[in-house]
Amino acid sequence: MRDVAIVSFATSGALPAVEDTETQMLFPVISEAIERSGIPRADIGFTCSGSADYLAGTPFAFVGNLEAVGAWPPISESHVDMDGAWALYEAWVRLQHGDVDVALAFSSGISSRSDLREVLCLQNDPYYLMPLWADHGSLAGLQARAAADAGLIPEADTTVATPPSSDGAAAVIMVAGDRAREVCERPAWIRGIEHRSDPHYLGVRDLTDVASARLAAEAAGVGDAPVEVAELSAAHPHEEVLLRRALGLGDEVEVHTGADPLMVSGLVHIGEAFRQINEHGRQRTVGHASSGACLQQNLVCVLEGDA
Amino acid sequence: MAERCAVVGIGQTHHKKVRDDVSLAGLLREAGQRALDDAELTWRDIDAVVIGTAPDSFEGVMMPELYLADALGAAGKPIMRVHTAGSVGGSTAIVATHLVQSGVRRRVLTIAFEKQSEGDTTWGLSGGRSGGVGAGGYFAPHIRAYIDRSHAPEHAGWMVAVKDRLNALKNPYAHLQVPDITLEKVRDSPMVWEPVRRLESCPASDGACALVLTDEAGGDAAPRPPAWVHGTAIRSELGQFPGRDPVNPQGGRDCAADVYAQAGITDPRRDIDVVEMYVPFSWYEPMWLENLGFAAEGDGWRLTEDGVTEMTGDLPVNCSGGVLSSNPIGASGMLRFAEAAMQVRGQAGEHQIDGATTALGHAYGGAAQFFAMWIVRSTKP
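Chains L and C are the protein sequences, given in the same order.
If you're matching positions, the first sequence starts at 14 in our numbering and goes up one per residue.
If you're matching positions, the second sequence starts at 19 in our numbering and goes up one per residue.
These are computed hints drawn from the structure, not numbers from a lab.
No residue lacks a Cβ here, since even glycine has one placed at the ideal position from N, Cα and C.
Among the hints, erroneous ones may be present.
[As the list claims (entries may be wrong)] Cβ-Cβ distance ranges computed for the label pairs, FRET-style:
id	chain 1	residue 1	chain 2	residue 2	range
1	L	G216	C	V36	25 to 33 Å
2	L	D56	C	A314	31 to 39 Å
3	L	R192	C	R288	49 to 57 Å
4	L	V113	C	K203	44 to 52 Å
5	L	G26	C	K188	53 to 61 Å
6	C	E58	L	P239	42 to 50 Å
7	L	D219	C	Q195	44 to 52 Å
Throw the hints in and build the complete structure from the sequences for me.
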């Protein structure tokens, strides 16, 4: 694999309820990430974004977000209706080809204008589960119960609070090869990035084990060397416990958690894992993203600084 | 580039107005199983799944990769979902191709789909907030501008409509089967969005398309001749700004130039044997013929009028019947890519162009602002 590093990251943070459009929210974030990298906008050879139409309540919501990138002259660009961490993954794959050296990944989500408990029900099987209106919070409760019954969490942690529904945006610049060191004093090299899915049906899953996160972590090589900091997309205390186990993170690993803003938090966690190396002098960190109810789908990114 | 990429399996559903005999998952499995059968592989052999579809609001399922993971054998595997408007079927195939070419995965299953009957596309297109003008209402002024600029005769559009529907009669998967179509019938069909008549418009279809892509070793071991990917390109441009030309968009021209350069194509009219392009309204055939460099600006309609784009012409376009005959929106772009690959594999049955070795698959979307293309050949790059 070609060496690829994150050299720049910017985020709006989790905002309570923006009045801007998604495009307006994105514009300063993308600009900041590009400016921090010091790389001319025209040098970006591939752009990929992540967002969800349903949060915006309109189809093709991502189309307007092109305005925040500045797609003229026309650019090589793609979009996943997934957390921005998967946009970063697609961009990392694209950088492996060798003909493109700089990529931009960004994502955005505005949850404050909808009722997430209602909207996220639409992720469920449309024929058998969706009509039950089993929202993510209720399903998380089932997983917390299973974790408590297995003795993994205290009984007190089985009460699942409604996750916050904040708004936000994030952007990351990646560079392949030696140029990463030229533009960034301490780049964070992507040493492993993998993602896996679990089945959708909770009935066929062992809710006390996040198998997809475990497989992704193994494939990404999380356990190949000590991890100093892990940034986890965990919305509830029991999710942190389950993810720590799945990723094989011992008590000595510093963990930061949070799962909002939706569609952005995974990219933010990877960005924060970069900052731990870039700004705080850490050597090896992990960024994690999750999607779906009860941590159905998971992405793990292992970052390392230069020794 | 680390790896060559081979198309070793192709599958599609029978496209229809309503596929109420299958669920969403069943629709994808139908296409996926056919592609796997073609490749003589099983769901277990697949390393990663990439799905693509147009807006979630068309079916009312948010981020459907979550629900579909079980049916697509993706438990314990990576699955991604691409969404780039109407070009999505093409972009999805390209994301899957890149997973192989990068050396990240060896065997990738990619499926694009739409089940329009489970929702209301025109409602979905307008965000449910208005009656909406539909895609035809949006593109009609662009088409009128093209006719005015090029002084094309009105019958050029009718000819495309007749040609593609007659081609569809040779494609057992095509949605529309209109054996008695004539220029007069197209001419006399109701005007829907001036200058687009009803029979010059695509249908609303349920359908899915699937490809199995492998690395070079997989291509060498394939039971049937693979199609080899010689180039992929995507371009996006802003949908509206002063000075933009939506009739002959820069993004489409740049995308074509990029994919031709990768495949070593210097004269597309001479070097490409067969084209599957995204023509949801008849006039887009002459418009894209120009945008893709097959004709000089203003001359695309002459190729149509002279029969060049018929199956008997020297540049057959949409032998499958194209989007005008089947339009499962999210899958329509991948169907173009798949049909191009079928041609160079000699697999297109009654709509096969004998001896086709180089084919172009083309898709576009949004406000004619997103483009995805690939060049496939019967020989290795």
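Hint check results:
Restraint check, L/G216 to C/V36: a C-beta distance of roughly 30 Å satisfies the suggested window 25 to 33 Å. Hint check: L/D56 to C/A314, Cβ distance near 34 Å, so the stated range 31 to 39 Å holds. Between L/R192 and C/R288 the C-beta distance comes to about 39 Å, which lies outside the given range of 49 to 57 Å. Between L/V113 and C/K203, the C-beta spacing of about 49 Å keeps the proposed range 44 to 52 Å intact.
Taking 53 to 61 Å as the suggested C-beta distance range, the pair L/G26 and C/K188 conforms, at roughly 58 Å. Taken as a hint, the range 42 to 50 Å holds for the pair C/E58 and L/P239, whose Cβ atoms sit roughly 45 Å apart. A hinted range of 44 to 52 Å holds for the C-beta pair L/D219 and C/Q195, which are about 49 Å apart.
The structure fails hint 3 only (numbered hints given earlier).
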